[in-house]
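S.K.: This is what each chain is made of:
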Amino acid sequence: MTAYEAESDVLADPGRAGEPAAPLLEVADLEVSFPSEDGRVRAVRGLSYRVSPGEVLGIVGESGSGKSVSSLAVMGLLPPSARIGGSIRLRGQELLGLSDTELSRIRGRRVAMVFQDPLSALTPVYTVGDQIAEALLVHGGRSTTASTARNRAVELLDLVGIPNAAERVKAFPHEFSGGMRQRAVIAMAIANDPDLIIADEPTTALDVTVQAQVLEVLKTAQEVTGAGIVLITHDLGVVAGTADRVIVMYAGKAVETGTVDEIFATPRMPYTLGLLGSIPRLDVGRGQPLVPIEGQPPSLVALPPGCPFGPRCPLHEPACDAAEPELLPAPGAAPDHRAACIRTGELAAADAEGGELAAELFDAHVVEAEPVDSATRIDREVVLGVDRLVKHYPVRAGGIFRRQVGAVQAVDGVTFDVRAGETLGLVGESGCGKSTTIMEIMGLEPPTGGSIQVLGSQVEGLSRADRKRIRRDLQIVFQDPMASLDPRLPVRDLIAEPMEVQGFDKAHITRRVPELMKLVGLRSEQINRYPGEFSGGQRQRICIARALALEPKVLVLDEPVSALDVSIQAGVLNLLDELKARLGLAYLFVAHDLSVVRHIADRVAVMYLGKIVEIGGVEEVFAAPQHPYTQALLSAIPVPDPEVERRRERILLTGDLPSPANPPSGCRFRTRCQLFATLGADQQQRCIDVEPPRESALPAEPDAPVGAHLPDHDVACHWARIRTVV
Amino acid sequence: MARFLARRLVNYLALCLVATFLAFALAALTFDPVGKLQARNPPPPQATIDAKRAELRLDEPIPQRFVLWLGDAVQGDFGRTVVNQSISEELPRRIGVSLRLFLLGTVVGIGLGVIVGVASAIRQYRFSDYAATFFSFVILSTPVFLLGLLLKYVALELNTAAGAQLLVFTGETTPGFQGGFFEALVDRVQHLVLPTLTIALGQIAYYSRYQRSAMLDVLGSDFLRTAQAKGLTRRKALFKHGLRTALVPMATLFAFGFGLLITGGTFTERIFGWYGMGDWLVYGIEQDDTNITATVTLFVAVLVLVSGWLSDVFYALLDPRVRLR
Ligand SMILES: Nc1ncnc2c1ncn2[C@@H]1O[C@H](COP(=O)(O)OP(=O)(O)O)[C@@H](O)[C@H]1O
Ligand code: SF4
Ligand code: SF4
Ligand SMILES: [Mg+2]
Numbered sequence: 016m017t018a019y020e021a022e023s024d025v026l027a028d029p030g031r032a033g034e035p036a037a038p039l040l041e042v043a044d045l046e047v048s049f050p051s052e053d054g055r056v057r058a059v060r061g062l063s064y065r066v067s068p069g070e071v072l073g074i075v076g077e078s079g080s081g082k083s084v085s086s087l088a089v090m091g092l093l094p095p096s097a098r099i100g101g102s103i104r105l106r107g108q109e110l111l112g113l114s115d116t117e118l119s120r121i122r123g124r125r126v127a128m129v130f131q132d133p134l135s136a137l138t139p140v141y142t143v144g145d146q147i148a149e150a151l152l153v154h155g156g157r158s159t160t161a162s163t164a165r166n167r168a169v170e171l172l173d174l175v176g177i178p179n180a181a182e183r184v185k186a187f188p189h190e191f192s193g194g195m196r197q198r199a200v201i202a203m204a205i206a207n208d209p210d211l212i213i214a215d216e217p218t219t220a221l222d223v224t225v226q227a228q229v230l231e232v233l234k235t236a237q238e239v240t241g242a243g244i245v246l247i248t249h250d251l252g253v254v255a256g257t258a259d260r261v262i263v264m265y266a267g268k269a270v271e272t273g274t275v276d277e278i279f280a281t282p283r284m285p286y287t288l289g290l291l292g293s294i295p296r297l298d299v300g301r302g303q304p305l306v307p308i309e310g311q312p313p314s315l316v317a318l319p320p321g322c323p324f325g326p327r328c329p330l331h332e333p334a335c336d337a338a339e340p341e342l343l344p345a346p347g348a349a350p351d352h353r354a355a356c357i358r359t360g361e362l363a364a365a366d367a368e369g370g371e372l373a374a375e376l377f378d379a380h381v382v383e384a385e386p387v388d389s390a391t392r393i394d395r396e397v398v399l400g401v402d403r404l405v406k407h408y409p410v411r412a413g414g415i416f417r418r419q420v421g422a423v424q425a426v427d428g429v430t431f432d433v434r435a436g437e438t439l440g441l442v443g444e445s446g447c448g449k450s451t452t453i454m455e456i457m458g459l460e461p462p463t464g465g466s467i468q469v470l471g472s473q474v475e476g477l478s479r480a481d482r483k484r485i486r487r488d489l490q491i492v493f494q495d496p497m498a499s500l501d502p503r504l505p506v507r508d509l510i511a512e513p514m515e516v517q518g519f520d521k522a523h524i525t526r527r528v529p530e531l532m533k534l535v536g537l538r539s540e541q542i543n544r545y546p547g548e549f550s551g552g553q554r555q556r557i558c559i560a561r562a563l564a565l566e567p568k569v570l571v572l573d574e575p576v577s578a579l580d581v582s583i584q585a586g587v588l589n590l591l592d593e594l595k596a597r598l599g600l601a602y603l604f605v606a607h608d609l610s611v612v613r614h615i616a617d618r619v620a621v622m623y624l625g626k627i628v629e630i631g632g633v634e635e636v637f638a639a640p641q642h643p644y645t646q647a648l649l650s651a652i653p654v655p656d657p658e659v660e661r662r663r664e665r666i667l668l669t670g671d672l673p674s675p676a677n678p679p680s681g682c683r684f685r686t687r688c689q690l691f692a693t694l695g696a697d698q699q700q701r702c703i704d705v706e707p708p709r710e711s712a713l714p715a716e717p718d719a720p721v722g723a724h725l726p727d728h729d730v731a732c733h734w735a736r737i738r739t740v741v
Numbered sequence: 017m018a019r020f021l022a023r024r025l026v027n028y029l030a031l032c033l034v035a036t037f038l039a040f041a042l043a044a045l046t047f048d049p050v051g052k053l054q055a056r057n058p059p060p061p062q063a064t065i066d067a068k069r070a071e072l073r074l075d076e077p078i079p080q081r082f083v084l085w086l087g088d089a090v091q092g093d094f095g096r097t098v099v100n101q102s103i104s105e106e107l108p109r110r111i112g113v114s115l116r117l118f119l120l121g122t123v124v125g126i127g128l129g130v131i132v133g134v135a136s137a138i139r140q141y142r143f144s145d146y147a148a149t150f151f152s153f154v155i156l157s158t159p160v161f162l163l164g165l166l167l168k169y170v171a172l173e174l175n176t177a178a179g180a181q182l183l184v185f186t187g188e189t190t191p192g193f194q195g196g197f198f199e200a201l202v203d204r205v206q207h208l209v210l211p212t213l214t215i216a217l218g219q220i221a222y223y224s225r226y227q228r229s230a231m232l233d234v235l236g237s238d239f240l241r242t243a244q245a246k247g248l249t250r251r252k253a254l255f256k257h258g259l260r261t262a263l264v265p266m267a268t269l270f271a272f273g274f275g276l277l278i279t280g281g282t283f284t285e286r287i288f289g290w291y292g293m294g295d296w297l298v299y300g301i302e303q304d305d306t307n308i309t310a311t312v313t314l315f316v317a318v319l320v321l322v323s324g325w326l327s328d329v330f331y332a333l334l335d336p337r338v339r340l341r
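Protein chains in written order, with the numbering used here: chain V, 16 to 741; chain B, 17 to 341.
Note that these hints are calculated values from the structure, not bench results.
Within a straight-line C-alpha distance of at most 27 Å, the following computed DSS-like cross-link-like pairs (lysine-lysine) qualify:
no. : chain 1 : residue 1 : chain 2 : residue 2
1   : V       : LYS185    : V       : LYS234
2   : B       : LYS68     : B       : LYS52
3   : V       : LYS483    : V       : LYS521
4   : V       : LYS185    : B       : LYS256
5   : B       : LYS252    : V       : LYS185
6   : V       : LYS521    : V       : LYS533
Predicted, not measured: the structure shown is a model, and the values here were computed from it.
Excised from the complex, chain B in its bound form (with noise of 0.2 Å):
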């Protein structure tokens, strides 16, 4: 078992490095950071831009720099953005912002999205299950920045009946704001509020219907027949043996769904003014800068590698037919 989990991760590492290299070979070739500078008006001297491509090193092959970017990169310096900013510095923090947004986000999607499939399972045909399919497909059916607008318009609806400033949606704090801990602390859920539910909300409605349909595949099952003959409950046997195998296919799911998240909340970071590694994305793209982009291609892959392989993990520790292998 441990011979399997070690050699996917060598084989996840090396699909990190490609696709890292495809990301930054592809913004290197369309790139053009020295154009802006070019277009200045006075145009700066040629020497002011030779030294701004040497130290860019755009005359230097394109593997040859991504061997070079990379070898720093391995040792913690991933290069400086096209104004000369430390990227290694900025990174942690847009790092943190990101996780910040998203490890709610998706623990309240998994676990409100396992509990809507699996009442919708329960309920097959009934009320709540027409419901939770409609506003599901809804959802899912309706693209993030209207999502997050529609939810902003909500929001602004709701301060303004409460005639004070419940919801916030702009950043992750007030801007300079004074007060002690618990102040600080509600003043950070006001701003949570909004780009959690963004997130979540998409996320239920994926996974509720993954699981609403593991859920009904056990629901029939022989097995939760016997739980039943033996002496369990209905809801006993619906939980400890149900659930528990209804949840093993839903494991892969929930770790990729992770790892493509942070991508996917670049809507999200837009409109509600958080700036992640999806804003980052976004502005290093608009900035015609390599270094931004790989640096977080190569983050988003890294994440990827670190969710495919806890699914790995996860899928192994859920079903026995796997851990024996």
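Chain V on its own, in the form it takes in the complex (with noise of 0.2 Å):
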């Protein structure tokens, strides 16, 4: 089973010196593969890297880098059919081969670890605080008593922020929201004072504004407990925030460790400069080229020799390839930076900042398109409007008469219009009624309140063979491209298919399949391959041939970036760009990413609860926001900047989405509100009497005229005011 080789002392290591003695946790050529049918998967390869005590220690890197895996190893959580080997110590204590009832004394009192998916972390069957008063008895020795502990997961749970604990305590998991059990398993984790937590992305599954609320729950649990924290994500804003130091893996090892700021200000090592210049930043907007990274990482089945990263990386030379470099100090750089490449000294020379050094590198660019001037938006043509669209799913309640008791109020009265040429961006939290509105309109159907334009025609009165023509102007991409391509067709069938539906002749779709792979940026010889042989990225990209067939003028774009690595992210959202200049296109794209809108969308509508609350442009909206939810929205973004992180007051919002069945009254997010708190009573009395209208914005220069107001800039607050939160 677990192959348990010796390593030679590395505490006596003399190179290491200088360093603190007795580092909390030390992993040492830590290696892990599985067994597959095409051969070994090494899935961490020689990884090494030490936590000291109260140190955060980031872990970045794209999805299958091997960062779960070696955390897990660290736990002593892998299935057994992994074979591990290295060294893995806790405070100089060998942790592999160790046993399992033995390792079950450290794990959750030494060492907790918080998962990923919060909501499938806790078992259904036992109330929330059952499991953690658990973890409490199952260390505390005979001193803990049932009720000693229930007491305790009482005040753990009120420490993570969850209010009214003495009550919640009894609740079952799936009366928790997903912040909330993630709140749980922190608890659950810091029940011990462990010494270490490992944290597996932990707000990956969440909301922006939830995740702010979690990751402020870990700071806290780290400051009550002391305890050192691995904080593995591919959010490299999340690390920049929170991390001490950092560590890129890549393939399995490490490919360049350092502290945060030398990180993010001077990488050494292509790879992370690429990463970084991949992620579009809340504060730079459209002006920013984005990096991708071509390709995708290797096989981990038989690796060949050399830079893991070489074909996919811009300075690649034939000696890349003649082995693999190491993790060595960085020339000119801190001494504890460390980069793997044979070329970090070339790096370090091109004297640039970090974002356009990878620019360069990368060769990209911004696309350039005709800009969409914001002054002639009225007479630019109407291609997709909808106004004061509802959509009420009934709540039914009883057996068989099942009869109706309410209303999830999904949408409620939504307006918007995206005009010729320009790229709305709806953002919003899940659940507060982006997909239902693109559903709707995607449907073309009479909506059970308002109206929905397309193309300068109303739904209502269409009749099929109208609809048939619209639905060729009207296309969609979905976030999930694996989903929406039926594995069994080869690329041909699928981007022929849309064309076949719509009766085009043979000839013309031979000709047009292998021109909109070319367009999309695929390989025209890839044509006979079947969905499974791509990856996420080009999967995406197949998608967005297909929706482009029809040559449509509006593309509905349902977070088509969101289930990508941010490498691969990169390029699709300059593809989007792309397509647009060249095609005259107009999107509505849909994100809960306020980033990747600030990138590629002209004009954000930001929603809650079923209803816009702020809607103009990027730029006005992004700099001088004025609603308190897009505040906080913002706000909750992290930067991928240490500093700009660090200088940056974060507005966290109290507790979670209220259900669209039974909204708040007044203004919906008044439960919520970070201004609401701060208000006078009669003010506070009309936020919850009064719905506040939808009414153009403020201009932001204090000197502007009285009664001055913006021509496109609406926002639904009673005391909207201008706060900078970027």
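Hints given; two lone chains; assemble the complex.
M.R.: What follows is the structure, given as structure tokens:
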């Protein structure tokens, strides 16, 4: 089963003298492999790192780079099929080779772990309180009784910010929202005051506002326990704001490590550089060239010799293939800044800011497009418009006679329009009605309330033929490319399908398919391949090609990049930018990631509980958000720049999204509104009683004339005021 | 919750009545109890036949007969057989026999089925998993009477080898058996082993398959990992968190399985000469006896009702997501 290979005593290594004598965790030359049909998958290949007490170590890397596997190895929670080698020491004690019983005494008491998916992390059949108490009872010894454990569970829940903890401790996991469950898992992790907490993508499954809350809780947890933290994430923004040191992993190895400032300011390995350049930044916007890293990570079975990043590296030269570069101190950098690249010296010499250097190296450029002139907006054709759109889902109860007891107000009076050649970003937390809105639009059926207008026609009066014609001009791309592509059809058929449905002749289709593939950056030799043979980013390109087959005028994009790794995401975003410029498309771009929206959209509409709370040009809204919710949303998004992050003050929203079946009276946001809390009683009363109408926003300049309004920036708040948060 | 269970109970009762009525009507339509009487040589006088017809209410419309029978049945009188024996007197004895047979078989079947299923899941793709899978499929695809006969054969060989009557394969007890309590117990056990095995083997095969897949679902689950990350050993996490969750979907299966066993056990009763409910049903059909058929059907329906309702209760007890509705 588990092969434990004895290792030389790393602590005695003279080369590492001068560092703190007893690190909390010391991982040395960790190797993990799994059997597979094609051979052994070497998921982790010689990973070494240390964590000092109280330190936050961030581990970043694309999915599949071995982040989770290496941390599960520390916990001793890998499946029995895994073969593990190297050494993992906790305060000098070797963990590899310990039996399950011995490890169980360490797990939860000295090392605790928080997992990615809070929805499935708790046992559904026990109460949250019992599960937290269990963590105390297994380690507590005789002095811990069931009742002291239960009382402590209440304290812990309170500590992680669950309101009314004494009551909620009796709740079952399904009665908790995702954010609350993650708090409960954190409560469990800190129950025994551990020395080390490993958090594996603890916020990836959560909305940004909840992510900000959970990161804050994690910070509190660390302050309370003084534990060292290993924070695994693929979000460089999260790392920038929380970590002290960073490890960048690629193909099962550390390719760069250093302090967070060093890594972000002066990356010394092309991969890190590319990664940093690939993230759209909330504080930069349109002008930022996004660095796409072409290709995909190598297969971990039978890796060729040489630098694993070689095939994707712009600096690749023949010498790179000779041997895998070692993780060595980077020249001209702080002593503990190491990089695994033979050309790192040249990177150091190229004296430029990280972002620009990346753009230069990877040859990324801003897509040149006619700027969409907001002044002429009124004159452009409305290609897609919804007016006071309403969609309520009935809530039913009872056994046989299911009577309607209420309605989920998924969309409740949404108005916006998309004009020719522009991109409207629709943003908001999950459950706020984004998907319902676009489903209503795509359905081309008369809505429950309000109206929908597509390319000049109201959907109410459409005949079947009209509808078919409009379907050609209005296409959609979904979040999960694998789910929307039939795995049994080759790319040719997938792309040809919409044209066949519309009755195009064979010759036209045969000519068009390779054209479309080229358009989205796929090679036409791949025409006979099946979706399973493509990477996530390529599959999304196939979906885009398919959506473009009928030369639509409007493309609805439902979270098109949120399932992709950042380096891949950049490529797809660039493609979308380019297609828009070349084909003059209009996009309705639905996303929860505001950085992406800032990069790609001309206008943005922020939704909350079925309503639009703020809408306007991206520059105005992002630079001077007026609605408290927009401010909170923007402030919750981490910026991948440690310096900026340190300066930023985060607006933390309280609680979760209320149920859309029973929204608060007056302003729907009032239960979580940070501005509301600062208002006087009579002002608050207005928020409670009167639903704020959507009105033109006031200009940002303090010296603007009284009564002046921004023509194209609406906000729905009684007490809207500008607050800069980015 | 209580209201939910009460409502379910009412639904089940209605289903019971429907099932019994259908069985009654079908039996009354197809059975010809006086036919045998007429076929006698010499034929009995017409008056005797008419009396029998009247006694069995053969000339009344079927719904009316059903209502009359049901009216009596509710008061504990299930009518008389064609040969004029009281069904109500025979019923408790028959039920006793069946329950003695099936309770044990079911308890063993469920217990071992769960254990085998869990063990297979934990040792997935190892030899023991393949072996369990193989035997399950063999047993599931073997008809019960064949299985019973095979077991009989094995027992015979065993007895011959041991040179003594270790396992007995007819009846519940040795007729005319004399002896103290302990000897009587041994005698009963000797009779019980084979039919119990026949019943249990099928159930083990059936439940272990379901338990295996329920357990596999749970084995890869995040909450099991969380439990271990808290400091539970793998074994403890498996049982306290894994098995507990994997049992939820099994509750319904167990409950209904038991309800339907009684009829499914007909072969077992016949092969091993146990005069229980299953045997009685076959007997009733052979004798063209509507009352016996209806009574057994009602009994099975009530049993299914109770199991169905119990499964609701179990489910509610096991799964908080249901309980809170
Ligand atoms: N139980 C397993 N069996 C086989 N391969 C696995 C197993 N778990 C992970 N892997 C493989 O190990 C590699 C690293 O995975 P992982 O650590 O989960 O990546 P990350 O957390 O960085 O996204 C991947 O190629 C993955 O397919
Ligand atoms: S070693 Fe060569 S291929 Fe690898 S990252 Fe450095 S320059 Fe690129
Ligand atoms: S109307 Fe009141 S509660 Fe609503 S956002 Fe404005 S200040 Fe907050
Ligand atoms: Mg992972």
